Amino acid sequence: MAIPDLVIPGAEQLAINGGTLDKAADIELQYGYIDTLRSDKFRHFSTDPWASSCDTVPLPITHDFRTKVLIVGAGYVSLLFAGRLIEQGFKPEDLIFVDSAAGFGGVWYWNRYPGLMCDVESYIYLPLIEKTGFVPKHKYSYGQELRYYANLLAKTPGVDGRGVFRSTVTEAVRDQGNAQWDCQLRTHTGEQVTVRADLLILASGVLSRPRVPCIPGIEHFKGHSTSIQIVPELAKWVQELVVFQRTPAAFQKQVATYSGWQKDRMINFVLFFSNLSRKPEINLVDDAWTIFPSFSGVVGGPHAQSITPDNLAQYVDIIQKLDMVRQDRVREIVHDAEIAKALHPWCSGFCKRPCFHDDYLGAFNRPNFKIVHTNAKGVEEFTERGIVSDGVEHELDLIIFRTGFEPFTVGIPAYRAGIRIKGRGGLDMDDKWAEGVSTFHGILSRGSPNLILTGYTQAGATVNQVHQMGVQAEHAAHIISEALKRAAADGKNRVVVEPTESAEEEWAMRVVSQAHAMAILLNCTPSYTTAESALRADLPPEVQLKAAQGAT
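To convert, note that position 300 of the sequence shown is 304 in this note's numbering; the numbers rise steadily by one, no gaps.
Everything labelled a hint here was simulated from the structure, so no lab data went into it. Bear in mind that the values here come from a model prediction, so they are computed numbers and not experimental data. Every residue gets a Cβ at the ideal spot worked out from N, C-alpha and C, and that includes glycine. Hints are not guaranteed to be accurate.
The following label-pair restraints were derived from C-beta to C-beta distances [unchecked claim]:
hint, residue 1, residue 2, range
1, Glu486, Glu510, 14 to 24 Å
2, Asp290, Glu134, 18 to 28 Å
3, Pro371, Gly264, 47 to 57 Å
4, Asp186, Gly495, 18 to 28 Å
5, Glu510, Tyr117, 37 to 47 Å
6, His398, Pro306, 45 to 55 Å
7, Glu223, Gly181, 42 to 52 Å
8, Gln148, Gln518, 37 to 47 Å
9, Val475, Gly408, 20 to 30 Å
Here are the simulated lysine to aspartate or glutamate pairs, EDC-like style, with alpha carbons at most 20 Å apart [claimed, not checked]:
hint, residue 1, residue 2
10, Lys72, Asp179
11, Lys72, Glu97
12, Lys426, Asp186
13, Lys72, Glu502
14, Lys374, Glu385
Please put together the full structure from these sequences, using the hints given.
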């Protein structure tokens, strides 16, 4: 069945739980998804339901507006970059944020469902907490606190009045003669505005596009459609809660004394789940992440740096054995043996981001709770009354899509930000990156001067996104500051920051040389870690090389 506005990350054959799924028949239904930005039917998933109740005053801009720095996005990553630039001498009035939301917060602005919380400890997740002086109420912050903190993070350096909200950047073209980026903005009223910026930062985040599954009949369901964290809250209030599960995820059970304590705590956290032979004496965070060394198969670690084709099989075996110790938690909590069996993870815990929540598994003991395990085949179709799985129709009043966001492993930076970018000489970023991922340290790309990239591509990865993005922000701010100092010494007040071709090539080869570690994911089920099955061993060598260039 052809479904309009469909995005399919991968498409051949996938080994699943001892069997196979015929991708020709199943990949489109299970692992593809609908682009909500292009779909008339589902565009409402990308509109802002909170705009009318938001009291944030947007920065008024006029046509031909000029700014030193334009930051795409207004979430934690954007605010991190703004904070680091201000530390290097920029003023709040030098910056503007452009975001489709009506306020600061990014993913924490949009997500407001019951039970929403962050799975990384508050003291290492909340950015720049030493500067704001904020004390989290809980070890793991809930959504309301995370949203509040975003506004505090904007207010502390004085950038809370610099947001161009309910607007999007649609195109950015490099004006080489004036050493600036000419950016086309579209406001929520449809007005087109041109903003000219010396520096353009793409900080739209890694979770920016909601994903709607492309299941046949989805457009026919006449009920409503809007969970790890939402499941326990719903179970308290509904007559019956039915959870359709494609593949189960792994589950685990669920400070400030000196300057620099947060950075030290972040590093300590990384050292414990990176599978070090010798760990620090004290586990400062001491949570489920820090006793999950097999996740180093995704984010890397010291052992991953010495992998060769000769010892790759041994490395994979070591990681998989590390993963066996976290298999029994489901049986300890869920009373019904059949439900516990359905929830028991049969793929490695590092294949999907594990789910840490105190109340999720316990919710399955409630009498109004029902789980439909689809044996990795997903649901078959939607009807006017509900969902069909294994030939059985389940009548439902409300459907909640717990299908998350488009993987950050899909698409180039311009695509993920929803912008068409043309660099020097009109070079389209799509065309350049079609030949292979090309950056320096994951933040600069030749042909696009004064463009700062963010994200995991060629940049490294960790479970605490704020830590990784914070390192990027410091690095980028230092480069820009150093360039400005050198320009000032020559009597200039504007700079052009761009890597050399040789620097890009050298960095790409360094990334490729360590990409063997990603082989651990080849036997995983589709998820964001495999770009929904696009990472496969059966790809041609030239395609594998191109994928390796984009590794973290």
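Structure-based check of each hint:
| no. | hint | verdict |
| --- | --- | --- |
| 1 | Glu486 with Glu510: 14 to 24 Å | 20 Å, holds |
| 2 | Asp290 with Glu134: 18 to 28 Å | 21 Å, holds |
| 3 | Pro371 with Gly264: 47 to 57 Å | 51 Å, holds |
| 4 | Asp186 with Gly495: 18 to 28 Å | 26 Å, holds |
| 5 | Glu510 with Tyr117: 37 to 47 Å | 45 Å, holds |
| 6 | His398 with Pro306: 45 to 55 Å | 48 Å, holds |
| 7 | Glu223 with Gly181: 42 to 52 Å | 49 Å, holds |
| 8 | Gln148 with Gln518: 37 to 47 Å | 40 Å, holds |
| 9 | Val475 with Gly408: 20 to 30 Å | 25 Å, holds |
| 10 | Lys72 with Asp179 | 14 Å, holds |
| 11 | Lys72 with Glu97 | 9 Å, holds |
| 12 | Lys426 with Asp186 | 10 Å, holds |
| 13 | Lys72 with Glu502 | 17 Å, holds |
| 14 | Lys374 with Glu385 | 19 Å, holds |
No hint from the list above goes unmet by this structure.
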